[in-house]
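These protein sequences, in sequence, are chains X and C.
Letter by letter, the first sequence follows residues 1 to 200 of the working numbering.
Letter by letter, the second sequence follows residues 1 to 200 of the working numbering.
If a hint is listed, it holds; no wrong ones were tucked in.
Taking lysine-lysine and the DSSO-like style, the derived pairs with C-alpha atoms no more than 30 Å apart in a straight line are:
#: 1; chain 1: X; residue 1: K53; chain 2: C; residue 2: K53
#: 2; chain 1: X; residue 1: K35; chain 2: C; residue 2: K56
#: 3; chain 1: C; residue 1: K97; chain 2: X; residue 2: K24
#: 4; chain 1: X; residue 1: K10; chain 2: C; residue 2: K53
#: 5; chain 1: X; residue 1: K56; chain 2: C; residue 2: K24
#: 6; chain 1: C; residue 1: K35; chain 2: X; residue 2: K127
#: 7; chain 1: X; residue 1: K35; chain 2: C; residue 2: K97
#: 8; chain 1: X; residue 1: K97; chain 2: C; residue 2: K10
#: 9; chain 1: X; residue 1: K52; chain 2: C; residue 2: K53
#: 10; chain 1: C; residue 1: K10; chain 2: X; residue 2: K53
#: 11; chain 1: C; residue 1: K17; chain 2: X; residue 2: K56
#: 12; chain 1: X; residue 1: K17; chain 2: X; residue 2: K56
#: 13; chain 1: X; residue 1: K35; chain 2: C; residue 2: K53
#: 14; chain 1: X; residue 1: K53; chain 2: C; residue 2: K24
#: 15; chain 1: X; residue 1: K35; chain 2: C; residue 2: K100
#: 16; chain 1: X; residue 1: K56; chain 2: C; residue 2: K35
#: 17; chain 1: X; residue 1: K24; chain 2: C; residue 2: K53
#: 18; chain 1: C; residue 1: K35; chain 2: X; residue 2: K17
#: 19; chain 1: C; residue 1: K159; chain 2: X; residue 2: K35
#: 20; chain 1: X; residue 1: K133; chain 2: C; residue 2: K35
#: 21; chain 1: X; residue 1: K24; chain 2: C; residue 2: K100
#: 22; chain 1: X; residue 1: K97; chain 2: C; residue 2: K17
#: 23; chain 1: C; residue 1: K52; chain 2: X; residue 2: K53
#: 24; chain 1: X; residue 1: K100; chain 2: C; residue 2: K24
Everything labelled a hint here was simulated from the structure, so no lab data went into it.
2 protein chains.
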Amino acid sequence: MSTYPQSVIKLINEFEKMPGIGQKTAERLACYVLKQSVEEAMQIAYAIRDVKKHIKICSVCFNVSESNPCHICTDNNRDSSVICVIEQLADLLTIEKTGKYRGLYHVLQGHISPLEGITPESLTIEKLLQRVKGDHVKEVIIATNLNMEGDTTALYMHKQLSSTGVRVTRLARGLPTGSYLEYANTAIVADAINCRSEMK
Amino acid sequence: MSTYPQSVIKLINEFEKMPGIGQKTAERLACYVLKQSVEEAMQIAYAIRDVKKHIKICSVCFNVSESNPCHICTDNNRDSSVICVIEQLADLLTIEKTGKYRGLYHVLQGHISPLEGITPESLTIEKLLQRVKGDHVKEVIIATNLNMEGDTTALYMHKQLSSTGVRVTRLARGLPTGSYLEYANTAIVADAINCRSEMK
Numbered sequence: 001m002s003t004y005p006q007s008v009i010k011l012i013n014e015f016e017k018m019p020g021i022g023q024k025t026a027e028r029l030a031c032y033v034l035k036q037s038v039e040e041a042m043q044i045a046y047a048i049r050d051v052k053k054h055i056k057i058c059s060v061c062f063n064v065s066e067s068n069p070c071h072i073c074t075d076n077n078r079d080s081s082v083i084c085v086i087e088q089l090a091d092l093l094t095i096e097k098t099g100k101y102r103g104l105y106h107v108l109q110g111h112i113s114p115l116e117g118i119t120p121e122s123l124t125i126e127k128l129l130q131r132v133k134g135d136h137v138k139e140v141i142i143a144t145n146l147n148m149e150g151d152t153t154a155l156y157m158h159k160q161l162s163s164t165g166v167r168v169t170r171l172a173r174g175l176p177t178g179s180y181l182e183y184a185n186t187a188i189v190a191d192a193i194n195c196r197s198e199m200k
Numbered sequence: 001m002s003t004y005p006q007s008v009i010k011l012i013n014e015f016e017k018m019p020g021i022g023q024k025t026a027e028r029l030a031c032y033v034l035k036q037s038v039e040e041a042m043q044i045a046y047a048i049r050d051v052k053k054h055i056k057i058c059s060v061c062f063n064v065s066e067s068n069p070c071h072i073c074t075d076n077n078r079d080s081s082v083i084c085v086i087e088q089l090a091d092l093l094t095i096e097k098t099g100k101y102r103g104l105y106h107v108l109q110g111h112i113s114p115l116e117g118i119t120p121e122s123l124t125i126e127k128l129l130q131r132v133k134g135d136h137v138k139e140v141i142i143a144t145n146l147n148m149e150g151d152t153t154a155l156y157m158h159k160q161l162s163s164t165g166v167r168v169t170r171l172a173r174g175l176p177t178g179s180y181l182e183y184a185n186t187a188i189v190a191d192a193i194n195c196r197s198e199m200k
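Here chain X stands alone, though its shape is the one from the complex:
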């Protein structure tokens, strides 16, 4: 069986390593690169090169930025007394997009998962504790995912933070806006009942 030339196979393999990209998609992307002009295709290569050249990890909050400390940590218009703790970078943008949060962040770079061999020490929790103790932080909002790993990580951090006297909150659990009770699963409805709030 004759397949693509060597350099195309190499490109397909590189695309396939990316998350959510299967073989078919990788082939489609490689075909797209083949169809493009040299200039267009090289824009992708340059963009990757530039990201790796310019992007630094913020030594305060572990966000990515072209400066260190990052553009969020150094933004004087933000409320530095609140830190929102997230598992990963993508979660930061999700929260930023709401436009509802003006505090700082702390990227954990993962979640506690004994099964995957991820211990609290391999995350940035120690750095968070230092931030909370050293700065004038009043509240830590824990925004880990609402699954077992996220819950475990949240509980662990809550325990660690309790001695600091800082207010520790967590994102609300409940029924997602637009959903139907009929189709929600038991755990979600149970959460919604437990966390019910006064109507104003």
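Starting from the known structure of chain X, fit chain C onto it as the hints suggest.
Just chain C now, kept in the frame of chain X:
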């Protein structure tokens, strides 16, 4: 709203231009590049550069290859009296993967579509006619897609090729293996009836 740094936004935009990649996926891919080591990330950039550097379009069949004529056209073990005509590069690999075809190919680089302004002249049909007239070609298998554009292109080519005396065939139409009659649509079942064959 604070978002990603400039170079990350540029990378997200480049990924988003690719087929089937929406904003969310582009962000996920960019986050993946951010997480990778410089060496790993640059492998993608190098793979793109190498493809654009080494890959040529075969002047005979319009396949992509690191040589011109391509590795299929120059393969002496293949039957050069049969040409399989396909719309695009990806279709070539799909056929190659079956291992059932040992002839040559001709990539049309699209399909006739008056609505999209794609005329027969913008495809490689003229080159195909030259190949058929010049070489010792006995059969042209038309393997365009089984939709309106593919059918139109197939009909047009059939008309053009009829004067050359070459045998013109088309991929079989019928029910796909593994399917249930109950769920097949009328057009598919009608094709399956029309193209029924003797049981042996």
